[in-house]
Amino acid sequence: MAKGRWNRWRDAIVAVTTWTAAILVAVVFVWLLADIVIGGIAKLSWTFLTEAPRDAGRAGGIAPILVSTALILAVCMVASVPLSLATAILLAEFTPADGIFGRVVRRSLDVLAGVPSIVFGLFGYAFFCNTLGLGFSILSGGLTLACMVLPLLIRTTEEGMRSLSDDYRRAAAALGMTRTTTIFKVLLPAALPSLIVGLILSIGRASAETAALIFTSGYVDRMPSSLWDSGRAITVHILDLAINVPGGTENAYATALVLVMALLIINSVASWLGQRWLRRSIVR
Amino acid sequence: MSLSLRDRILVWSLRGAALVAGAIVALIVVFLFIGSFPVMRDAGLGSFFLDEAWRPTEQLYNLTPMLWGSILVTIGAVSLATPLAVLSALFCHFYAPAALARIYRRLIELLAGIPSVVYGLWGLMVLAPMIGLISAPGTSLLAGILILSIMILPTIAMLADAAISNVPRSFMYGCAALGFSRWTTIRRIVLPTARSGLLTGVIMGTGRAIGETMAVLMVCGNAVRTPGSIFDSVRTLTANIALEMAYATDNHRASLFVSGLILTAIIFGLVMLAEVLSRGRIYG
Amino acid sequence: MDNPFIYTSSEGCYMRKALGLVSLVVAVSVGGCKGSESEQKKVVITGSSTVAPVMLEIAKRFESKNPGVRIDVQTGGSSRGIADAREGRADIGMISRSLKSTESDLKGFAVAYDGICIIVHKSNPIKTLTDEQIVKIYKGEVSNWSEVGGSDAKITVVNKAEGRSTLELFLKHFGLKNKDIKADVVIGDNEQGVKTVAGNPNSVGYVSVGTAEYDASQGVAIKPLPSRGVEASTKAVLDGRFPLRRTLHVVTKGAPQGVVKDIIDFAQSAEVHDLIQGQYFVPITP
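Residue numbers (this note's numbering), protein chains in the order written: chain A, 1 to 284; chain B, 1 to 284; chain C, 1 to 286.
Next comes chain A alone, as it looks inside the complex (with noise of 0.2 Å):
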C-alpha cells in the first residue's frame, strides 16, 4: 500500500513537470507570436500583400516575394519528396538495418543533417549555379532547399515505417502481394502520420530557411516570369529589412506575420489531408 501511495505521489510530480513544461514553451511561443503581431499588424493589409516592394522594401508590399517563396517551395518538393521517399522505402524495407548499404547511406544522410544552412548555400552557389548552369535561380535555391531538407524527410519517412508493426507485412505477403503493392497499398498509407510530420517539418524548415537562399535564388525582388528567374525569398526579405535596411523593421515584422500566417494554414491543410487519407486507405 505505502508503494501505491508512493506511485501516486510520484504520478502526480511527473504530471506537475510535465504541465510546467508544457506551460512554459507556450508562454515562450506566445510571447514570440506576440511580438511578432504587435510589430507587424499596422502595416498589414489586402494590399501589402498585392503589391510590389517600393524604395528597398521600406514601402510597398511582397507579392513578387510570395511568388518567388512559392515557386521556390514548389521546385524543393517536387525535388525532394520522390527522392526521399524512395531512399526511405529502400533503406526501411529492403536493407537490413546492420547492411553495409543501409548504414552508409544512413550515416551519410545523418551528416548531411548537420551541415550548415550558411555552407548548402555556398555549395548551391558553387554547383547549382555555377557547375550546372542554372545562375541565381528559383531553380537553384528549390534544388539547394531540397538537398537540406532531404534528411529530414528521409529520416521521419523510415522511422515511420520501421515502426509499423510486422503483422502488416506478413499479412500482405500472406496475401500473396508483391512487395511492390505491400508498400504503395499497405505501408505507405499505415506510415502518413509520420510522412505529415516530415512534411511539415520540412516545409517549416525550407520556408524558414534564409543563408542558403541567399547565394542561390538571389536578391532580386521583382516578379519572377519563370524558374529561370531570379527571385528574392521571403525570409531573404525578412533579413534585408532587419539588418540591412533602415527602418525596414516594421516592414520586416509583417512580412514575418505573413510568412507565419501562411505557415499555420499550410500546416492545418497537411494535417486535415493526411487525416482524411488516412482514414479513406485504411481502416483503424
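Since the hints were made in silico from the structure, they are not lab data.
Among the hints, a few may not be true.
Computed list of lysine to any residue pairs in SDA-like fashion (alpha-carbon distance at most 25 Å, straight line) [as the list claims (entries may be wrong)]: (1) A:Lys185 to B:Asp7; (2) A:Lys185 to B:Leu50; (3) C:Lys41 to C:Gln268; (4) C:Lys179 to B:Ala43.
Since the structure of chain A is already known, use the hints to place chains B and C on it.
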C-alpha cells in the same frame, strides 16, 4: 524471399535514389575541400589550431575559440531543449485533454516554421537586452543557448510525438490491465519503445543547432575568444562564415571553407559516436 | 482491432490528383520560361550589401525607362562584387569602398559617398569623444565610461567583422590595428550594429552616418556622436566636412560598353540623386 520482376525494378530504382541522396554529402565535402585547398597548402592544417589568434588578414587562422563556441552553444541548447521537448510530446499524449493537445501540436508546428531571422531579431531586441541587465553585453553564449533551444525544440518535440504515437495501442492496454501507473507506463514501456524515434529527434535537433547561422549570428555577440562564462560573447563557426564570407578574399575566404570543413568533421564525429553508442540497439 | 487491408479506390484517385497538380506546376513553369526568353538584355550586378538596396532602386528606374533591359541585382559583399566582375559572372560589381592596388585590373566608378560615425546609447550622458578617447576605448585601455566623463559603467565595445570595408576605414582613420581592438561584440551589417547598441545602454559602436541619422530620427535609442567637432549628418558628409568618409563604387572588367555603360552613366547622373538620398547616402555631384 524471391522478388517478382516488378519488385526488382523497384528495388533498383530505390537504390539509385538512395545513392543520389547519399552522394550529396560527398559532393559537399569535395566542394569544401576544393574551396579550402589554397590555405591548406599555404598554412597547413596545424595553423587552424595552433596560431596565436584568428586574424585571417594577417595569415593567422586559429579557429579553436569558434570551435568551442559552436560546441558549447550546441551542448547547451540540446540539453535544455531535449527534456522540454520530450515532456511536451508526453504532455500531448498522456496529460492534455484532446482539444488542448491538438492546439498545442499546432503551436509546436508553427514554432518549427518561424524563420531563424525572426528568432534572431527577437533575441537581439528582447532577449539580449534582458540578459544585458544581469551582465553586459547581453549578446552572449546564454542568449545563443536560449534562442537555439527554442528553435530546435519543435524538431525534437514533433519527432518525439510521432515516435510516441507509433507505440502500439495494445501495449498501453496491457499496461492498463496490469494496473501500471501512468509514469510507469511511460518510463517502462513508452519511452523504450519510442527510443529510436527519440534519438532521431535529438540527432536532428543537434544537427540543426550546430548548423544554425542567422539567429546565432544576431544574438551571440561574435567576439572571437573562448568564453569564460555564459555571459561572455562567443562566435560560432557558422557565424564566422556568415559574418566574414561576404567580404573575404583569397586565403581568408579559403580559411572560411576550412570552418565549414571542420563543422562537417564535427558532425561526422557526432554521427559516428551515435553509431557506436547505439550499435545494434536503435533499430533492434 | 486493425484491418489494414481495406482501402478504397479513391485513395489512388487522390494520389493521381496530387501527381497531376505537381505536373501542372512544372508544365506551367517550363512553359512560362519559354515565353520569357525573348529579345531581352539581361545585366547582372552583384556585390556589397551596403550598395545593393540603392542599386536595386536605380535598376528599377533604369528598367522602366529602357524597356527590354532586365537588371538582376544580387547581394553578397564587396569581395563577391570583385570576384564576380573579374570572372565574368557579373557585368557590374558593387563595392562599398575604393579599389585596392591589387584590383587594378578592374575599373571603378564612384556612385555615392557614405560617412562612418560613432554611436552610443541614447541614455548615455556622453556628448562627444575625442579621437584619442575612441582609440583608448577600442584598445581596452579605457574600460569604464567614468574615465571619459560618463557614468560609472563598463563599456561594451562593438566592432565590425573582419574584412568589412567599414572596419578597414575605421582602423585606418584611427591608426588602429584590428589585433589591438578588444571587442565585446562583433557585428555585420549596419542595422545589426544599431540594434545591438540600442539594446545595450553601455555600448559604443560605429555605423554608416545615413543609417544612424535615419534611425535616430525614427526614435531608435541611439545617439550619433560628432567627429572632431563636426556633427554626424549626411549634410556634413556632403560638404566634405565630416572626417570619416568613404566612397561607394561600382566596378567593371575593362571599359564598360553598350547597356552596361548606360547603366553606370545613369547611376552617376543627377536623375538618381533622389534614390541615393532615399537610401540615406550622399550623391557624388552636388
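message: Hinted pair, alpha-carbon criterion (25 Å max): Lys185 (chain A), Asp7 (chain B). Please report holds or violated.
response: 14 Å, holds
message: Need the status of pair Lys185 (chain A), Leu50 (chain B): alpha-carbon distance at most 25 Å?
response: The given pair, whose Cα atoms are some 58 Å apart, is violated under the 25 Å limit.
- prompt: Given the hinted pair Lys41 (chain C) and Gln268 (chain C), is their alpha-carbon gap at most 25 Å?
  reply: This hinted pair holds, its Cα atoms lying about 21 Å apart.
- request: Assess, step by step, whether the Cα of Lys179 (chain C) is no farther than 25 Å from the Cα of Ala43 (chain B), and give holds or violated.
  value: Roughly 19 Å separates the two Cα atoms, so the pair holds.
The structure fails to meet hint 2 from the earlier list, while all remaining hints are met.
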